[in-house]
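Novice: Residue numbers (our numbering), protein chains in the order written: chain A, 8 to 910; chain B, 102 to 217.
Quick caveat, the hints were computed from the structure, so don't treat them as lab data. Incorrect hints may have been included.
Listed next, the in silico SDA-like pairs over lysine to any residue satisfying Cα-Cα at most 20 Å (straight line) [what the hints assert, rightly or not]:
hint : chain 1 : residue 1 : chain 2 : residue 2
1    : B       : LYS162    : B       : PRO126
2    : B       : LYS162    : A       : LEU74
3    : B       : LYS120    : B       : ARG138
4    : B       : LYS120    : B       : TRP135
5    : B       : LYS162    : A       : GLU29
6    : B       : LYS162    : B       : SER124
7    : B       : LYS120    : B       : ARG161
8    : B       : LYS162    : A       : ASP77
9    : B       : LYS120    : B       : ARG187
10   : B       : LYS120    : B       : ALA131
11   : B       : LYS162    : A       : ILE26
12   : A       : LYS527    : A       : ALA786
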Amino acid sequence: MSIRGIKRVLRLRLTRRQIEDEIDEELAYHIARRRDQLQTAGLSSADAMAAAAQRFGNIDEFRQQCLDEDITHGRNESMTQLIDRIRSDTRLAIRSLERSPGFTAVALTTLIVGITAVTTIASFVYSYTLRPLPYPDADRIVAITQRQSATRAASKDLPIDAARAVVSGTAAFDRTTIFRMVYVRAVIGDRGESLPTALIDSSFEPLFGLRPELGRTITPDEIIANAPVVAISDALWRSTFGMDSSVVGRRVRFGDELLTVVGVMPRGFRFPNESHLWRPLGRIDSSDIDVAVIGRLRRGATREAAGHQLAAVGQRLAHDDVRDFSGVALSVGDLIDRRIGGAAPLAFVFVGAAAFVLLIACSNVANLLLVRAAERRAQMAVRSALGASRMQLRIQALVEPALLSIVAGALGAALSFATIRILLHVVPTANFPSWLTFGIDGRMLLVVVIMVTVVVLAVGLTPSREGTRFDLVGALKSGGDHGSANTRVGRAARRGIAIQLALSVVLFIGAALLTQTYRKLSSVDVGYPAAEIVELRPYFDQQHYPNDTTQREFANALLEHARALPGVRQVSLLGIVDRLALATTDLRPSPDTRRSASEQPDLRLIVDGDSSRAGMRTSIRPAPRYLAISDSYFETLGLRIVHGRSLSAMDAAGSQLAVVVSQRFADTYWPRQNALGHSVQFGSRGTRLLVVGVVENVRDLQSGSRGVQADPRADVYLSARQVAARNPSVLIRGQGDVTSLQAGSQAIARRIDPNVVTTTYTLARPLEVQLMVTRLFGALVGVFAVSGLLLSVIGIYGVVAYGITQRTREIGIRVALGGTSADILALILRQSLRFVGIGLVVGVAISLAMSRGLRAILFGVSATDPFTYVVSCVLFGAIAWIACYVPARRALRVDPLVALRAD
Amino acid sequence: MHEAELNILRESLDLLILKSLTSGPKHGYAVAEWIERATNTVLFVDEGTLYPALHRLARRKLVETDWGVSENNRRAKYYAITPAGRARFRAQSPAWQRCAEGIAIALREGSAVLGR
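The following block holds chain A by itself, in its conformation from the complex:
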């Protein structure tokens, strides 16, 4: 007795390897014997071998079945046995995929396209919106913001007294810190730069858990003493100091000051506001300073709890009449506010579009597998007859899609990371904020894994259900290729086609709407030559320019000098009206006119002193702007006065307050009336402002995701002689090159005061940004739409062609019985086109349901634009019809004799 025999007697388990070896040996013995026998009968050695193998049948199949019997002991499979089974099924599936390279290539490519699209887009969106900021406990660090309930203006700067109350009065935070932003002008290399600088207190660095890259942090003593020390950003250290570590401890000139560099901040740390320098905040004695406050939530404390505590602090502040604190609500905000809100609609559109491509890809592969499963029914039937359970069959059917999806997932992920790499090389990233980083992230890999699982289930379950539910006898008898049993498979495939079409239609409509948005945007008339007008905007620091008067002096100086620039035709001043100052009867707020603490400032727009109509303002979109302008403003923009007069020297300080309103404003409040002589005011006790003129409308161009407003603005203009112009900027219109105009005006600003940082741009810049964004998005969605369409066409063609091969015999009979070609075409087309119709209807329904989400990024075209919808449907219907018709034509060429003999 052999050793194995002994083992068997002793009931020792053979290893799997040994069992497989035994089976191989046993089967090989059989084939060898048969070959010998055939050879003896006179066949050549090679012929005998081939004949023996042929008589034996599919050796992989039988080997697998023997293995199942020996190892798995039938239907009561334990976990390890299940794994064994899957392992052997995998081997089987790999072999079968190798045998059909065409199918494998098409299925893999389709899935890779889908997975790459989703992974790439999702990782960009994730980086922009959800990826935690690169600080420890970043999810617990929040900004404290104040919001004026009357103006709804949110700000992150709080009066210092309020900030102190927040710091001492909120238990939800385990740490809070206050800071201010200033700009330090420094000569870096040979050019002047303004470096964003944070003035920080001693809790700043512990709150972020900062470990300096080099040197040390600023000590509490240095902060209290306002010592001449500075910490620099890693970026500055690399770019300006050439990564010279001896810079630590050295005294370096920044602007007017010599500062000792104590350390280099960790790589990538640029909080707040892309800072390059961090300096001590010092002791704050004045109560007239605004600071920003951030806090780190205690472990387990929620934002809601912190919000409640902040609300309580706010009420106490209002009660104690802290400066300007009535009508202010404190709340918890995100550290970087641009993150989520603005990008949300776009993120939605994008991830949605990419997901649709993936869905279409899945549905296509599912159809391919369905057809494959149908072809395999005979094989399945044999396995079933030999005792494989339905569960086993189903698992086997899932293995192939699982293999495909895993390979596609791995390749797709790799491809997507490569795509991101390439994109980051192609797209200039210099202007990206420092917190925006892209790259491989554990969570993104998790997304890929989830996606692959979904794909396996989506792709695998449909065909496996259809494939394992079959009529055994029919399958065995017919050899599995023909017969009517396949109609169920056909129906499932056509359902898949309907889904693909629906999704493609949605993508296509989205792309069409974005294309129209781009066309409308590029031809938009804003009412003035925006590209020719340069806006010069100064940013004042509170130290040198604490109030409107000092800021105004600088702006006036700027105005004078800019007028003298070569080629300049017009200059004017533009600022924002301080409505609070106009809401009370006295223009200069004095202690006795101060509002009582509990009272909210009344800033409602009241027309003709009739406060019952107040609040109508809220019905105008876009909301009116209240602009303080110099006399030449309308000329600079080239706006025509429609009625009355422009603002002029007549409107001097102290005389009757005059306003010019835009045509839209006049039409809204005094429809079919002469607006001149009417009045507006802010709040029931506000100063009356007399309408002296009506000016042409302008459209406002807003950059970013809020989009361009389609309606003209309802604006109110006041003379900068009569009211303070907040955040003043200077508009310059000249002949010739706007770039030299921008450079020239900035040079002037530097000459007047090198401490003031300025930026310049043409008034068309928001539109240019908008155009670029729209074009980029439109192109991407367009690519998705086209790939979706192509995939759908392939899908339709394949399913219809498959349906015809299934019905060759039926068609043959019909032809033999005298069916005309029209009859047969109609027969084939009717079935498929019904599903095309369903797909179109469902696609339109989905598009309509999703139109709300699109609205935010469209301009000049409705998200439910009937023209777009009809054209898309007609186009898609036509393409789908061709994809059905072309293979259907082939059915007509069926020779009845061949068809009938085919079985």
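Given chain A, put chain B in place with the hints provided.
Specialist: Just chain B now, with coordinates in the frame of chain A:
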């Protein structure tokens, strides 16, 4: 219907294998040869079909296996019927015989009616 079909296919093959083994242990090839001779036909489309059936019988302990040396002096796996296998064969073969005869009669008379 399905289960019944499966059973008929499976049982008939099992019964033939058991019968072939009543005359002594055989390896797979010999079983195949025996069935081919005994039934006077090529019963299987694929000869390989035999092996999963042999392994199934082994699992159900109706046959036992051992490696031995074949008539052409090579190592081969031999199957021998167990007492349980014998009992099974005895219990089932009369029923099969009756069934097969019934079908044969029915088919013959059916042909007569059709005049063949």
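Novice: All hints are to be evaluated individually against the structure, with a verdict given for each.
Specialist: Against the structure, the hints:
Note on LYS162/B and PRO126/B: the hinted pairing holds, with a Cα-Cα distance of about 15 Å set against a maximum of 20 Å. Using a Cα cut-off of 20 Å, the hinted pair LYS162/B and LEU74/A holds, with the two alpha carbons roughly 16 Å apart. The hinted pair formed by LYS120/B and ARG138/B meets the criterion: a straight-line CA distance of about 13 Å does not exceed 20 Å. Using a Cα cut-off of 20 Å, the hinted pair LYS120/B and TRP135/B holds, with the two alpha carbons roughly 10 Å apart.
The suggested pairing of LYS162/B with GLU29/A holds, with an alpha-carbon distance near 18 Å, which does not exceed 20 Å. Simply put, LYS162/B and SER124/B have alpha-carbon atoms about 18 Å apart, close enough for the 20 Å limit, and the pair holds. Note on LYS120/B and ARG161/B: the hinted pairing holds, with a Cα-Cα distance of about 16 Å set against a maximum of 20 Å. Between the alpha carbons of LYS162/B and ASP77/A the distance comes to roughly 12 Å, so the proposed pair stays at or under 20 Å and holds.
About 9 Å separates the Cα atoms of LYS120/B and ARG187/B, which keeps this hinted pair within 20 Å; it holds. Taking the CA atoms of LYS120/B and ALA131/B, the gap is near 13 Å; set against the 20 Å cutoff, the hint holds. Note on LYS162/B and ILE26/A: the hinted pairing holds, with a Cα-Cα distance of about 17 Å set against a maximum of 20 Å. Only pairs whose Cα atoms come within 20 Å are accepted, and LYS527/A paired with ALA786/A is accepted, the gap being roughly 16 Å.
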